[in-house]
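Residue numbers (this note's numbering), protein chains in the order written: chain A, 340 to 512; chain B, 46 to 323.
These aren't lab readings, by the way, just hints derived from the structure by calculation.
All figures in this text were calculated on a predicted structure; none of them were measured in a lab.
Accuracy of the hints is not assured; some may be wrong.
[Said to hold, decoys possible] In silico DSSO-like links for lysine-lysine, alpha-carbon gap of 30 Å or less: (1) B:K130 to B:K260; (2) A:K395 to B:K64; (3) B:K64 to A:K394; (4) B:K179 to B:K299; (5) A:K395 to B:K63; (6) A:K394 to B:K63; (7) B:K260 to B:K313.
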Amino acid sequence: MSVESKKTIFNNILESAPLLLLFISVLNEFDFNYLNYKYFSFNFPFILIYYWSLKKSESLGYGFIFIAGLFNDVVIGYPIGLSGLTYLIICGFAAYLRNITLRPNIINDWLFFLLTILAATSINYFLLISIFNVDVNYYDLTGNIFFTFLFYYIFYHVFEFYYKSVFKRVKND
Amino acid sequence: MATSRDDFIIAIRSVFLKKGNQQRFSLIVLICFCIILIFLSRINFTPINYLKSGLNEVVYRISFIVSLPEKQINNSFVAVNKHLKLYDQYNNLQDELKLLKGKNYNLNYLQSENERLRKLIDEYIINSDELVAKVLLDKNSPFLKSLIVNKGSKDNLKIGMAVLDGPYLIGKIVEVNYATSRVLLISDLNSKIPVILEPGDIQSIMTGTGKNFGKIQHFEKEYNFSQKKLIYTSGAGGVFKSGIPIGEFIDEDKIEFFSDLSQLTFVKLVSFEKQENY
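Let the hints inform the model, and build the full structure from the sequences given.
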């Protein structure tokens with residue numbers, strides 16, 4: 340295998356990392372629940388989907404996000420299609436922000452993320468409660484939204500570093 | 046004013062209808078598809094149930110493999126915690142052992158007396174079929190407390206079967222696939238179990254809280270809870286047999302379960318039948 344083709348495969352793997360991470364996170368649900376801190380949990384897929392839809396929508400793709408939603412429904416036992424709808428609503432908000440923003444900055448993105456997760460989670464739980472008659476603990480839900488919002492700031496910097504070091508480097512290659 | 050509204054409409058149209066370079070579907074198509082899926086699962090449309098069952102089989106297996114590293118971290122975390130508490134636990138267990146030894150002397154006599162009395166009043170005896178299953182996934186999501194086990198319809202599992210951890214009730218089967226099943230834990234908000242508080246013979250309904258404890262949904266009247274009370278299934282509704290231990294009553298809003306629901310590796314799946322011609 341030539342050095343060039345090795346480089347291309349390596350670059351492809353690096354570029355697919357957000358998608359891989361999305362599937363791992365929906366299949367694994369890593370949210371540190373085992374720490375058993377009261378009201379502490381956060382939704383990593385929300386952060387991942389919002390960031391990458393905003394910065395580089397091709398890296399995830401709506402079709403894959405929809406499939407990840409189906410997987411998430413199966414893993415946590417939600418009705419089929421519900422998480423997919425929530426994820427796609429997040430994509431919609433992110434795409435809207437991308438379209439109207441000329442000069443991106445983290446504070447705008449972060450505040451818009453709060454609006455996005457409030458809207459997406461409201462729709463999600465409205466459907467769960469009104470159509471499927473599922474009981475929800477609102478304290479846990481509020482805690483989840485709050486920590487997801489806070490953690491966005493941290494993950495923003497992690498993803499930004501990855502984005503700059505991988506996608507811009509690949510472009511230069 | 047008109048220009049800003051036009052801009053808004055253009056941005057929204059672009060969001061929902063435009064496909065990116067490598068996108069095969071526009072956002073609006075997939076959102077509509079999701080809404081159709083939700084609607085069809087609400088009306089229990091048969092092909093959707095087949096799709097769900099097929100997806101369950103595949104995703105549970107993949108998820109089991111993907112979860113292994115996190116499970117390892119979780120186990121290490123628990124092991125370290127247990128080691129730190131070892132000495133205190135040892136002392137507590139010594140005290141408890143002394144107490145239990147005393148109680149055990151009386152137990153055999155009571156058991157045989159109980160059986161003799163049940164025969165006298167013509168009470169039926171319950172037969173139970175037991176099956177041991179491995180826990181594939183224990184997603185301690187804050188919104189849904191459930192487990193996935195590696196037994197399904199091929200092992201004659203049925204919805205409603207009781208799930209035990211040793212002698213203690215931990216949940217019931219709510220979804221059966223070909224080779225896997227979902228167990229709704231007693232700590233889930235949607236779990237409602239008819240229970241009896243002993244001593245006192247107080248009937249009630251226990252519900253989950255979404256945390257690692259349960260609570261009593263209501264009492265018929267006011268009771269005085271000066272004495273320590275234990276909670277068992279009452280057998281009302283015919284789903285579970287009576288007398289399966291669940292936990293200890295602390296107060297109306299807190300029932301501590303006997304079993305640690307976050308540390309389950311193997312569980313017993315039990316169905317109960319009334320024995321004929323006794």
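**Item:** Earlier hints that do not hold, by number
**Value:** none
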